[in-house]
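Trainee: Note that the protein sequences, when read in sequence, are chains A and B.
Last residue of the first sequence? That's 487 in our numbering, and every number before it is there in order.
Last residue of the second sequence? That's 174 in our numbering, and every number before it is there in order.
No lab work stands behind these hints: they were computed from the structure.
Predicted, not measured: the structure shown is a model, and the values here were computed from it.
Fair warning: there could be bad hints in the mix.
If you only want the chain A side, here are some residues facing chain B, beta carbon under 7 Å, derived [stated by the list, open to error]: (1) D256; (2) S257; (3) S425; (4) R427; (5) F428; (6) Q430; (7) G447; (8) N449; (9) V466; (10) S473.
C-beta: ideal position from N, C-alpha, C; glycine also.
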Amino acid sequence: MPEKAPERGPAEEQEAAPEGASGAAGALGGAEGAENAGASGASGQTEASPLPGRPEGKRLHPVTPWRRAWAPVAGLIAFSMHDFQRTQEWFTQLTTGWLIAAFGVLLPVAAAYGFFSWWFTSYLVTDAELRIRTGLVFRRTAHIRLDRIQAVDVGRPLLARIAGVAKLKLDVVGTEAKDELAFLSERDAVALRAELLARAAGIAPEAAPEAGEAPARELLRVDTRTLVTGLLLMGTGWGAVLAMLVIPGVVFAVSDSFLAGLAALLPALGGVWASTGGRFLKEYDWTVAESPDGLRLDHGLLDREHATVPPGRVQSVKITEPLLWRRRGWLRVDLEIAGAGKDKGGVLIPVATRSAVADVLARVLPGVGLDDAAEVAVAVPRRARWCVPLMWRGYGHGVTDAVFVTRSGLLRRRTTLVPHAKVQSVRFVQGPWQRRMRLADVVVDHGANGWTAARLRDAEEAHALVHAQAERSRTGRREARPDRWMT
Amino acid sequence: MTTGTGTDQPDTGHGVEHGPGPEQWRGVERALLKVRRVVLLCTLLPLAAGLALLLGLTAGPGWAAFALLPLATAAWGWGALERNWRSWRYAEREDDLLISRGVLWRQLTAVPYGRMQLVEVTSGPLERRYGLARVQLHTAAATTDAEIPGLAPQEAERLRDRLTELGGARSAGL
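Whenever a hint applies, use it, and build me the whole structure from the sequences.
Mentor: This is the structure we're talking about:
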C-alpha cells in the first residue's frame, strides 16, 4: 500500500479492533456488515482551492471517465434512427458555427465531469474494512467489512479487456447491488482481490499486501464440446426456438400485418439468444479451481469473468438434471450466496459428469457426498397423489449430517442442498386439503433470501422434522468455519 | 386480558413431544380480536348500506337484496376472526421461539434465537388505542415470516428484551 499514510496505521487498528471482535461475536447485527454510511453534502468545503480535499487512498484507472462516454453518443444515434427525417433537416440547418459552439461547451463540461468524478473516487483497504469514497456533489462513503464479504468478482468486459482494465465487484450481505470498483488496471485488480481475501481470511495485516494470489488447483474445466452438446440437449433452447417459429407465424396469420409478426419475433429472438448463444458466450471455458481463499470460477468468451467464493459462504446448492442429460449422466449445479440476490443465482458448474460434480461438491460443502445426498432423499407417501397428481413422484426429502436435502421434478430433476448451519428459520405449512390427507410441507429459509421446501411429508413426520431441524441448525453452526477462515 | 387458548391444544400434533418438557404456549390478547372485528364491521357495514342504497334507488328494491352479501361475509368473518385469533400462539423454548397460527392454512415457524438479527416492536394508532403491540423477528433470510401481533405492550417489551438477550448470548453468523 504505497499511498497509505504512515500515521493512519495505528489509528486504523485501534478503530478496527473492537469491530472485528464484535463481528466474530455478531451481536444481533450480522447484516450490518454492509453498512453504507452515506456521508453526504460535504461538497461545500471542498471547493476552496483548485483541486482540494482529494480523499486519501488509491484512485481508479484513468480510463474510467471514458466508460460512460459512449452513452450520449448512443443516445444521439438512437434518436436519429428514431426520427430520421427530422434529423436530416436539422443537419442541413447546422452551420459550422453551431457545431463549434456545441463542441466548445459540451466537450469541456463532459470532460470536467468525467475528470472530477474520477478525481473524487478513491478506495482504501484498512485492516477490517474496504472504504470506497465516491461522489462529486453528494459524497458517499461505503465501509465494507472484510469478514462479511461473501464473494469477490473480477470482471473484464470486452472493451475493458482491450484497454487492459478490469472491475472488481464485491458481494456483501444486505446490499441490493454489488459494490464495485470500476475500473482498475488488471494487475491492480488481481492484487487488490488477493489482498482483500488475505485480510478477510485473517492473515496478519503486515503480510497481507504481499501475500499475493493464493495458489490455485484446477478442479474442473468444461470443454467446448461438452458445453455445446449440453446446450443442444437442453429443452429450454428448443422451446425458445419453437416459440420463435410459432408465435410470429400465429401473429402474422391473425393480424395479417408483417410488422406485427416482426414485433413478436424480436422478443422471441431475445429468448433464443439468452438460452443458447448468450449462455455459450457466458459459460465458455468454464473453470473451477480450488485455493485456500476459496473457490475460483473463471468463464466467458468475450467478457471474461472471474469470481472467488470464500469458504463457508455457500447458502444453498441446487443440482439440476435435465431429461436429455440423464443418459450421459450430466448435471448442472447452481449456488446461492448471501448478497448476490436470488434472481442472479450464480452458476457453479454449467455441465459436468456426475463424478466431476461430486468432486467439486465435496469441496464446496465439506462432508457432503453427492450420492449420499441423493440416496438419503425418501419419497413422499402414496396418498400425496391426491394433493399433487403426477408430480408427487418427484418429491423427496432427507437429512444428512451436514445438509437438508429436497428433491423435486419428474423430467428435470432438481436436488437442493442447504447446510444446516445456514438455515435461518424453519416453517411447518399445512393447507386444508393437506390436513385432510395428513400431509404437510416443511420450509427452511436460508441467508441468501431463498427457501426450499420438503413438500408433502407425513404430518407427524413434518412436525418432528421442524423441531429436529431447528435443533440441527442451531448446533450446526458450532462446527462451521469462523468468518475469518484462516484464524 | 385473556390469554388465548392455554389449555385446548389443536390436533396438529403438539402432542408429539420434543426437547425438554412440554412447551409453554401463550396466546395473544383478546383485544386483537376486538380490533379486527372493528375493522371488519367498519368496512363491511358501510359497504352493505351503500350497496343497498345504490341498488335500491337505481335498480329496484329487489336488487337491494344483494347488500346481504357483505352482511353475510361480516357474519362469517365474525366467527372466522375468533377462530383465527385462537390459533395464534407462541412458545419460548430453551433455544428457539415457536410461532403457530392459522386455521385452514396452518403454519408453525421455528426461529433459533441465535439467528435473530433484529427484533422490532411496532404499534399502529388503532393498536395503541386498544393497548396492543406487535413483535416482529428478522433473520438474515427475508422469507422468514415470524411476527406476533396483539401483545400487551409490557409483554411485547419483555419479549423483545428477552429475545435480544438470548440472541446476543447464542449469536451466530450467517
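Trainee: Can you list which hints this structure breaks, lowest number first?
Mentor: Hints 1, 2 contradicted; others consistent.
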